[in-house]
Amino acid sequence: MNISISIQTDDFSHSDEYQNLCNDAPRIGAIVTFCGLVREFDDSNGEGLFLEHFAGMTEKTLENICQQAFERWPIISTRIVHRIGTMGLGEQIVFVGINSAHRKAAFHACEFIMDFLKTDAPFWKKALTKDTEYWVEAKSSDEAASKAWKK
Amino acid sequence: MNISISIQTDDFSHSDEYQNLCNDAPRIGAIVTFCGLVREFDDSNGEGLFLEHFAGMTEKTLENICQQAFERWPIISTRIVHRIGTMGLGEQIVFVGINSAHRKAAFHACEFIMDFLKTDAPFWKKALTKDTEYWVEAKSSDEAASKAWKK
Amino acid sequence: MLQLRFFASLRDQLNCDSESLDWSDNFNTASDVRATLIERGTPWDSLAKPTVLIAINQEMGNDDTAIKNGDEIAFFPPVTGG
Amino acid sequence: MLQLRFFASLRDQLNCDSESLDWSDNFNTASDVRATLIERGTPWDSLAKPTVLIAINQEMGNDDTAIKNGDEIAFFPPVTGG
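Residue numbers (the numbering used here), protein chains in the order written: chain A, 1 to 151; chain B, 1 to 151; chain C, 1 to 82; chain D, 1 to 82.
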């Protein structure tokens, strides 16, 4: 069980993350990656995000989500990088990568981890706009997505 | 509708492909990539693969699969790179990348394209081992995966 | 003694990111702590919102989670990472 | 005239990657062409395998797909890309 989690203010290299997954298990088959970027918001008034988290609980929660993924699917490694602090539009926020011999396992484990990260990991986004800043509201669609795995 | 398809003997840069998806729509949200690699086979006697395809039909088929993905999900761009010819163990065979404002759409479109690529696109793998070579048999699990989308 | 922590919009509303609360033998579950804080009135009545989440010792819990002296109890709004 | 094409293991078995076949007015669907080829005996009876796939003018079809003079008809085993 190869679980790797980084919470960091610095940006990350998608290319290095992909290469590390390849190196974890060369000749293994399937690699799925998800990357979330800061998108335009507030009718283009948005300038970026500030991300706060609950240090300690975040790492525990993500580790637990990854362990559940290993219990459900035959995967080789999971890698999560999540940034905190201030990020501009278009910047990378989060990376989730999975390495598996089976493509379906890689897809589903990656989607599963993202769904539970969205509802269970203690991160909070503050939207920064030209005029003001405000906390982003949680989406009910995210809650529905993680509940769907429990059926 | 931004569909890009390359069939090529040369290896590709995962990093460039990812970056191109980002550039297609900066500030858009979610990028999912799948990459398939040549894996070990035949009790480690395997040395690589030779990939044949039906030039013309391949491109048409992949374009059609991508168009169907655009009809089903709100996605920004799809990118497929598939190699043909001879590849060694651990080498990249295929890349599918999706850019969307919505993470679920990106995941599902990527999985959908891979599932139909596996059953509908005219590629054939020949296994190359130390002693011999033989055509790889199709897997019934692949057939089941693409049928599942038709429900 | 309990260590209390507050995050994000809730912390801003309370203008408090952490405090120590004396242990009381009336504390059985997280809801007892929550009720004690709400009794303080504005702005602590923000904790009455049903969407407020509770973590006990950095694990997600709820109003019914049993607590003991020395626990760390965190209150926060629904999470929005990723 | 029909243009026939064969791929992968099927091409190896037939030792033939393409041929031109004279048009016959008996040809209505792809199955008629398939039957004509199978009649040639070994190794062409490989085409009798139910798993053999058929593409007409580079689009996936099947035994029942209507064909016309000038079509390109390809026969191949189940695909294994990706």
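Worth flagging that the hints you see were computed from the coordinates, not collected in a lab.
Some hints here could point you the wrong way.
Using 30 Å as the maximum straight-line C-alpha spacing, the simulated DSS-like pairs for lysine-lysine come out as follows [as the list claims (entries may be wrong)]:
#, chain 1, residue 1, chain 2, residue 2
1, A, K104, A, K151
2, B, K150, A, K104
3, A, K60, B, K104
4, B, K130, A, K151
5, B, K151, B, K104
Do the hints match the structure? See the list:
no.: 1; hint: A:K104 - A:K151; result: 19 Å, holds
no.: 2; hint: B:K150 - A:K104; result: 17 Å, holds
no.: 3; hint: A:K60 - B:K104; result: 25 Å, holds
no.: 4; hint: B:K130 - A:K151; result: 47 Å, violated
no.: 5; hint: B:K151 - B:K104; result: 19 Å, holds
Hint violations for this structure: number 4 only, all remaining hints satisfied.
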